[in-house]
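Once you've looked at the hints, dock chain B against the given chain A.
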Amino acid sequence: MSTATEAMPDYPRPFKAFWQGFAANRGALAALLLFALIATAALLAPWLSPYDPIEQFRDHMLTAPAWAAGGSRQFLLGTDELGRDMLSRLLHGGRVSLGIGLASVLLSLLPGVMLGLLAAFHQQWLSPAIMRVMDILLALPGLLLAICVITILGPGLVNTVIAIAIGALPGYTRLTRAAALAEIGKDYVTASRIAGAGSLRLMFITVLPNCMAPLIVNASLSFSTAILETAGLGFLGLGVQAPLPEWGTMLSAARDYIERAPWVITLPGLTILASVLAINLMGDGLRDALDPKLKKIS
Amino acid sequence: MFSFILKRLATLIPTLIGITLVAFGLIRLIPGDPIEVMMGERRLDPEVHAAMVKSMGLDQPLATQYFRYLGNLLHGDLGQSLVSREPVAKEFAALFPATVELALTALLLAVALGLLLGMLAGLKRGSLFDQGVMGMATVGYSMPVFWWGLILIMFFSVNLGWTPVSGRISIEYDVARVSGFLLLDSWLSGEEGAFSSALAHLLLPAVVLGTSSLAVVARMTRSSMLEVLREDYVRTARAKGLSPVRVVVVHALRNALIPVLTVVGMQTGSLLAGAVLTETIFSWPGIGKWLIDSIARRDYPVVQAGILISALTFIAVNLCVDILYGVVNPRIRAQ
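Line order of the protein sequences matches chains A and B. The opening position of the first sequence corresponds to residue 0 in numbering that gives the first Met the number 0, with each subsequent residue numbered one higher. The opening position of the second sequence corresponds to residue 0 in numbering that gives the first Met the number 0, with each subsequent residue numbered one higher.
Incorrect hints may appear among the rest.
The calculated label-pair distances, taken between Cβ atoms and stated as ranges, are [unchecked claim]:
1) B:Ser54 with A:Pro208: 55 to 61 Å
2) A:Glu182 with B:Phe66: 42 to 48 Å
3) B:His74 with A:Ala177: 20 to 26 Å
4) B:Met135 with A:Leu42: 29 to 35 Å
To be clear, the hints were calculated from the coordinates, so they are not data collected in a lab. Glycine included, C-beta positions come from ideal geometry on N, C-alpha and C.
Chain A extracted, bound-state conformation (with noise of 0.2 Å):
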């Protein structure tokens, strides 16, 4: 027994191994606190933010940020052209979009995993019914299938969030039904099955667990198209309704002051790019402390 304990190599712990490889990657640390900043500022927007951000100062409407000609340290980042203040709104906006996107990735996230490992165990009825739903699915890009989804439910924080979390569905079903399949072969599944474990126990005790790497992988990734999407359809008119503060509603309401007011423009927009951005940096170090199959593809 000792012999076998000194025989061992001295392998990191898997987190620490995880956050060697995580931290490897400069990009990624530096995305990670930026987003650590944004999901702060988001969580405390209601301590932060200096107005309500529905609160309209009729006598200051589109009023410049602090640091240009016209503008006041009354507002930090001036005012939009209903007289709100862009700071405490683009606080708030970030708790609706990044909240809408982390719903919609949990939304996604679970029925997808259980759909892919039914799939993936009931390869001769379940898996082709489901394979085919989730193919009909894809045929759909993205945020056209969001807007199908939203012309059916009709606009609004909630349904946002429904059609977001459809449209990943399929990315997750498939990632688990491929990692699971791979894994389905493995001695160590044949041996827990010998070994009388039940199907709930295969799939979810004995085998997710080791699928879990491009799953997480994804997850982020799903994040930051979630929260472009959101920002698309806020765009559009069919996301999240005003006078709710979401970073792409704030947008389309400013698309006409965009001779008068850049700031109105310039400033939801860099937010969305920070987020985006460093969430996907943040995606980059997960692949690569995680998956480091998947390093060399991108």
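Chain B alone, transformed into the frame defined by chain A:
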């Protein structure tokens, strides 16, 4: 090769049936009575209502309705717009070339620049150029399309006045419609200034739409190039004393293109989705803008057709890519 194409076509049948079911279900899934939903605020007297139910076949069983819809589709009948009273297929035929022109230009831009930048970045791995290109690619990939459009309009159209803000061509030109592609038609018309006007209108939207695809193609080309450069046959080619240009272009690039091709195929999806946003920003009269306008007008037959057409386009392009893939890489055919 022929059986490979047939097999690919056969796997599409369930998807095609599914897509028509989705499009068919669209009107019927909207909560409430479809006719009242479509007519909106207007009060309908029951007789008109009953007549409409009958004319749309909504009194028939669902299965009958679906097969009638399918039958109409096969005859090229996409229904009738509630707003313009024109056949949807006719409106579509007028708008589709605009979207294709925009998407193709964007794709061309993305592939040409993406291949070049990706290849050079791969060859100069780790250099400042490589890091710059990859950094820009990550930003381009993360860019919200509609905001990018607004920023470019703000800079090039509003501040510098270089490009027009919206539309496909200045109104003073009345170009005869030959192909529906304005770039081609305006060139054929020979009218002075028409071509450059069409080009100036096309440039900004195409750049906006092509940005994320450009980023993806550049990233993919670079990594695929890096992989191929490690292969034995590249070393052999070098050892034989071939010129570096010949090694890269003839031996490495050709093989590196295979994965890039798949990525290009997948970009059609994001181009179609991006077209909806780009066309809305630039008031580009294509099917993306048509779709969004129709949703706002509750013109559901048009929405139904728009969704169906987008899906069919996406499927058709991916089919072509798959077949091309089989041509380029014989190993795929055997599987």
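Evaluate the given range 55 to 61 Å for the C-beta pair formed by B:Ser54 and A:Pro208.
-> Since the Cβ atoms of B:Ser54 and A:Pro208 sit about 58 Å apart, the hinted range of 55 to 61 Å holds.
Could you check the hint for me, namely that A:Glu182 and B:Phe66 are 42 to 48 Å apart, CB to CB?
-> holds, 43 Å
Hint says 20 to 26 Å; check whether the CB-CB distance for B:His74 and A:Ala177 agrees.
-> The hinted range 20 to 26 Å is violated for B:His74 and A:Ala177, with Cβ atoms some 40 Å apart.
Does the hinted range 29 to 35 Å hold for B:Met135 and A:Leu42 at CB?
-> Given range 29 to 35 Å: holds, Cβ gap about 31 Å.
The structure fails hint 3 only (numbered hints given earlier).
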